[in-house]
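Fit chain B to the known structure of chain A by using the hints.
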Amino acid sequence: MSLRSFNPAFKQLFADRKPMRLHIHEMLNPHTVQQVLDGMRLKKLYPDGSKLDIIECNPGNGVFSSMVNYDLKPRNHILIESRTKLQQHWKKDLQALQGITGNKENFTLYPRDPYDWQTYLDLTDKDKIIQPVTKSYDQVHDELLLIANWCYDRGEKIVAQWIGCCGDRNWLQKYGKVRVICMAPSKTVSKFLSEPGFGKRNRTAMKRELFTDSKLLAIIANSANLPGEGYDPRVLIRDQPVAAYDNSIPKSTEMGIFEFYPSGMTTDAIAEMEYLLSPMYMNRSTPLRQILPKIVSGGEGMAESLPHDLLDRSPREFTTEDILAIAHAYDKWPFKPDYVDTIQLDEIDESQF
Amino acid sequence: MLRTSLKSSSYRRSRALVQRLLPQIQYAYINTRSESKTLAQSAVAVSPVSRLLEPLKSERTESNAKHSISKLTQKSFSEIEQTEFTAPAAERQPGYYSSKGDNVIRQPFAREINYLKSLMESFVSDQYYEKAYPLLKTLSGLVTPEEFTKFANIYLEALVQDEKVSVRELEQVIDKMQRECHFESNNRTRALRLTKYLETDPKFDLDEFFRIPKIEDIRSTLSNVDIIGVDNLYTIFDHPKAQTWIPSELKESYHEYDLNKNKEIVEDTKKLQEKDGSIRSLEKDDLSELEAVDSFGLQIVRHSLLGLEASPDKIAVFTSDIKEIIKDMTNEESKQKITSGKLNYFEMYQLLETQEQRDQFNHALANFNLDRQKQMEIRGVEGAKEKWKHEYEETKKRDSIMSTKNLNAQLYEWYQKLVPLLQKERQECLDLIDDKATNQKSSENKERAVYAPFFVKIDPEKAAMTTILEVMKLQSTGGISNGMRALTALQSVGKALEYDYITQKLSKKDLKRTQTSKHKGSRLLLNLVRNAAEGDPNEDFGWSQDISIRLGAVFVSFLMEVAKVRVSRHTVETEQSAFFHSIQYIGGQRIGAIKLHSDLVKSINRSSLDSCVQPQHMPMPVKPKDWDGYYGRGQVMSPLVRVRDSPETAAYVKTAARNGNLDQVYAGLNVLGNTAWTVNKDIFKVISHYWNTGKEFLDIPGVLDKPILPPKPERSDDPSIKYKYRKLVTQLKSEFSTMRSQRCDANYKLEIARAFIGEKLYFPHNLDFRGRAYPISPHFNHLGGDMTRSLFLFWDGKELGERGLRWLKIQLANLYGFDKAPFDERVKFVEDNLQNVFESAKNPYSEDAWWKKADKPWQALGVCFDLRRAYKLPDPTKYVSHMAVHQDGTCNGLQHYAALGGDLEGAQQVNLARADRPQDVYAYVAGIVRELLEKDAQKNNKYALFLKDKINRKVVKPTVMTNVYGVTYIGALAQVRKQLEDYFPDNQRDSLQEHARYLTTHVFAAIRQLFENAHLIQDWLGESARRISKSVSIDYKESDNVALHSSAVIWTTPLNLPCVQPYRKGTSESLKTAVQTLTINRIDGAGMVDGRKQVAGFPPNFVHSLDATHMMMTAAACGERGLKFASVHDSFWTHAADVDTMNEQIREQFVKLHSSNLISLLKEEFEIRYKDNYQLIKISSKHPLVKSIKELKQQWTKQLNRPITLGDELYMERTRLEFLNSDDPQKIKAAQDMVTTIKLAHEYEGEIEDVNDRGTYEILIPLKFPEVPPKGEFDVNRVKDSLYFFS
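Chains A and B, in that order, give the protein sequences. Position one of the first sequence corresponds to residue 1 (the UniProt record's numbering), numbered consecutively onward. Position one of the second sequence corresponds to residue 1 (the UniProt record's numbering), numbered consecutively onward.
Derived CB-CB ranges, DEER-like:
| # | chain 1 | residue 1 | chain 2 | residue 2 | range |
| --- | --- | --- | --- | --- | --- |
| 1 | B | Asp990 | A | Gly99 | 27 to 37 Å |
| 2 | B | Pro713 | A | Gln98 | 37 to 47 Å |
| 3 | A | Asp153 | B | Asn659 | 46 to 56 Å |
| 4 | B | Asp1250 | A | Ser2 | 57 to 67 Å |
| 5 | B | Glu1247 | A | Gly99 | 52 to 62 Å |
| 6 | B | Asp990 | A | Glu321 | 46 to 56 Å |
On the chain B side, residues computed to face chain A include the following (Cβ under 10 Å):
| # | residue |
| --- | --- |
| 7 | Arg569 |
| 8 | Arg590 |
| 9 | Leu600 |
| 10 | Val601 |
| 11 | Arg726 |
Hints were generated in silico from the structure; no laboratory data involved. For clarity, every value in this text was computed on a predicted model and none was experimentally measured. Glycine included, every Cβ here is placed at the ideal spot set by N, Cα and C.
Next up, chain A with everything else stripped away, as it sits in the complex:
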């Protein structure tokens, strides 16, 4: 296979140093990356690089970064990297690149923590490194693209929060329907992309379905394994992801790449009962009828305004319509608690600090 997207300028740079293996896994084999990029057909989605800003979180050793950059030729490619050693590498590489190509790739290293919300505010408002234009939610934002690698355990929580941001239309999603290309362990991706009824279907999967349009793009495994095990088969059939191998991915894990961006619905639809979702999905295989009394004082009373068949279903099986029906019943329920009583830090918040 030809390495169509490989920037020759990087050949020397990669040869000069050994890739660093850190706790966020990544693809190090350009052939795998090429295979993945071929499947994504990004050029079709972002034909005009001169207007495109890419924000990339955790670029790591940069194999994927350099190749996606070469493919799309953006006017800005911001690399948000917080790992000190990698920051040093990038500084050196970008200096070298300046000598080779004059950095016509338009890379900018932003040595901050992609985990911190403030990073994005500073990037656009304080440091004004890019200043995205706000576009209508009618179509996908064609001038801003976000790429992120959250391939480690703690990453799951931030991906869940980013999905939440599609519903809130805040953070970078305030600029419009911004596509996020997200790499995460298959353990996470298979959960978040599961459909109603699938064993792993959880709260975030339900929110993902409510607030975003999403697609599984690729699954990358160590060659010792068979990729795709553990995914909802319906998703595999529907999305036809690229299956590729890269031995820089440890045998014990697997990487999934998926994209998402805001769909039509916002969190307003379920805002009132949002706080109930966490306890509800802790009992995700218990029928709603039995869960209701366990999640809120007198919750059993809500059953009156819910259809019987829904009461017999468990959160794992809920469709978006089901959740909206529950939200509706909750809205009508006279005994719903005061707003203040519903505010609490949940397990996803805990990840912030």
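Then chain B, alone, in the frame of chain A:
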């Protein structure tokens, strides 16, 4: 260098020996595995080294038995009956904890045995002998014969007490037990039989009964006075041979009986029962009511006390006593006041004129209170019920519906619904036990069978109250808002039910045997029997944890089922569950929670919920019984050492108690427990006044309605804003609930205080595992904050005298914050302010009253009151003061360290030596730090330049203070950082961190410089703890239940109290209950020790054990001198008049404590205790020793055909030592020739360094302790002259 001898011929010989031995090990090993046990055994029998094979053989056969036995606690009585559980004899043998040499027994199957025992006791006490027998039989399969005899005697005791059981039946049971359970009777069994014969057989021949046993056995039989009982003993006393039979402890009673036997019983109590209305019940209503009087909990407190005086005959006795006492009083006015009924007991007491009158009064009050205490224990919760009922009825009368608005009425409604449900369940349980249940085998009954034997013991009405109160008390605890952790709820309810059960059981216990209907004047014997009937204070009682949790779950689930609240919103009204079970994430863990309905929570907030005080949590109105064993007699269920989940600590202390080693500990504790207090009514009035304003005042939190929250963010606000909002709201909510619970807590304390106004109260104390003493009643005691402390007065007063007046003034100066000056200046400070003092006492409410500005205002006000009263007398030194004057150690931990290390300057700085002014160690350390910084500043160090002018005592204080408690660099860094925060704006956090890091290093260096030797000792303690917690016992086997590193750090205080660090890692286990399946972390004393905690904890724990020892020695010494004494760790209290005597003792005892080299003694103790332990260390793979050890192991591996384990290495060494210590010359010879890996290491003469690095090899070496660091020059005797040592 490797010793040459290793390569010599003896080495070769020994290798040959090992090679000869190993095939046999392997042979036995393989054969036992393949179940050809007989073959293996015969091989063992013929081999001269059979002992070597035994352990390996038995390891393989026991695992199955162990597995099934471990499930025993999950079985019901009927399941146990149907299954056989027997542990192999070897497995029943007791094991040991951290050290074999200490001879502290670790009972195998302790949990299972405890469960079976509880179950059996439960059955026999209700005469279900047939149900109990199979349990007894199962027990016989788990314990040693001696242990079994104890359990069998419990069973037989029930038969003896049951009049329906004939003597023939008793003998039959004994026969049966001998046949089926290998029962070996003992002298207690004989006493049981004797009693039955005496009680049922009129023709019983004592002579014949005692014909065969030896005289010492007869005496030992008769020592069981609790079984035989008073009347039967009289029968025995009447026998002509009685004088030779009776044991020494009965001799005196025998003589007493002999003298009085012809007198008739006189009912002398009757004459005391004349009604006398001259003393009315106490009135406390003149005190302004606390605002939250309606809250529940309060009334229980009051009732528990006020309700106690209800018994009219006791009032009559007390009244008549008082009349008698005041008969000779000269002051008619006082006399009239006493009889007016308007005074409380303390006020009456204060009016008495002579010591004799006071003694008599104390005696009469003690008798009176004994009954009140008993009532309080038995009827602790009835008050709450009465109050609920009253409010319920009032609500009904008003025809209004029950709602959460009236919480008490609501609770009563639940109570009413719960009782019939529990009664029904109790009946079901009874039917099940009686085999009357319709479907005995249904799954419902199967579950019921597990708790039924215990459920039937519980009074449904009382249990309903207990359950409701406990669950309500726990709301918003355990990090769960508006709810509680399910495990905590089940445990608390279970414990409370157990407490009720035990109190009932004890109050009923065998009254027959402890009373007499025949004779009079046998006080001695009666006391003897009563004391014996209380049981062995070193024996465990009560239920196992599994039982109380399961039972708790049953009651909680019933409550959850019936408890409903009526809620209405707009026009809709409905009934909803008051509690619901849910799962919550806390710190990443899934926790089962029981949550309260939000309306219920709101109503609790409105009425400011106080918890129900269980009677054992209240101060005692009677003097606690003296400690004489592990369990306190006067304070049911309180162990001497409070420790959770550490059976090892308990076992060590029990062993020490059994061996009679704890007398000095008891002596100290008894002095603390015997100090009688009363509540300071004057202070209480002022506190109430400010409390009732509802505003925040000094340390009283104000009333809060609801938290004030910031406006809600918009949906599209940045996630960071939303997150900050949620965080802020959560924080505000939690602060709000903390404030609220602080007010609740203060309210609670004040309510208890109010109930005790005018009462005499005591605090029995027990210890933590380091020997520090704490009052057992947790809520209201003298350890609290300023407000709580100010509420205490000594019950007894003492005339001040010159010195006392001076000390009282010093106390005030200290409380005011003027405590750094010499005594004379402190006295002058108060004298200069006398007008302020008087004004404060006269008008405490004035806006800018002087007392309010004190460091500890409430206590200062207390002294103001006292001084004013004293100065009202013509001669203030004649004033009788009840105030406690405090003498506090200056940085007490460092004082002990300085004494241990003998650091000259350090000792001076913590006032161990005499000085004209009190020394300030913090200022001194600050000075050293400044000098260090100055030096660096001269070298242009930027940090030093910036910091050098900013160092004062405040900056270093937290670090110096916590240094003795082993503060880590990280901890100290945080402290220093906090002190420097003001100098750095928010955006210079990095710079702050750098400066803090620099300064922390220098503060550490300064402390080290001042207390150099003390630090070496701290290091020694840490290193020794590290070696112990990393050590391996010689008895370690891989197949055993005992973990590799199972030795905890244990030491004995100079008062002989064994201190066992309870830090171990437990195993989690699930327990199925009616509410949920719980995961419980079990710590069994044989698991892996938590090395990190063992090491970090030891230096501070050791020093705490020393300060505790010092306090206890001082307490005992003060007690001997007739002083009243109390302590809050390093603050010692006594009457103003006695401060000089106490001060002398504080110094004397400190010198006595530090006169021996405590660290050398500790080293010796460690060397004995851990002599059978080995250190597992890592040495460089290139070390010469590694080669020879590897070689030897390879040899063994070849022979065994498997890799050599640590267990094998230890086994070989164990065998070698065993042979070496035997009497058989052949074995000794063999052992001398034998080489083991450990021997190789032991005999190696070069350096062996423990390196924790790559490329290392693990070896075992005998455990050795580092040399004790040298002591400095400070002579501890100088403490005797120090003025400000404690001041």
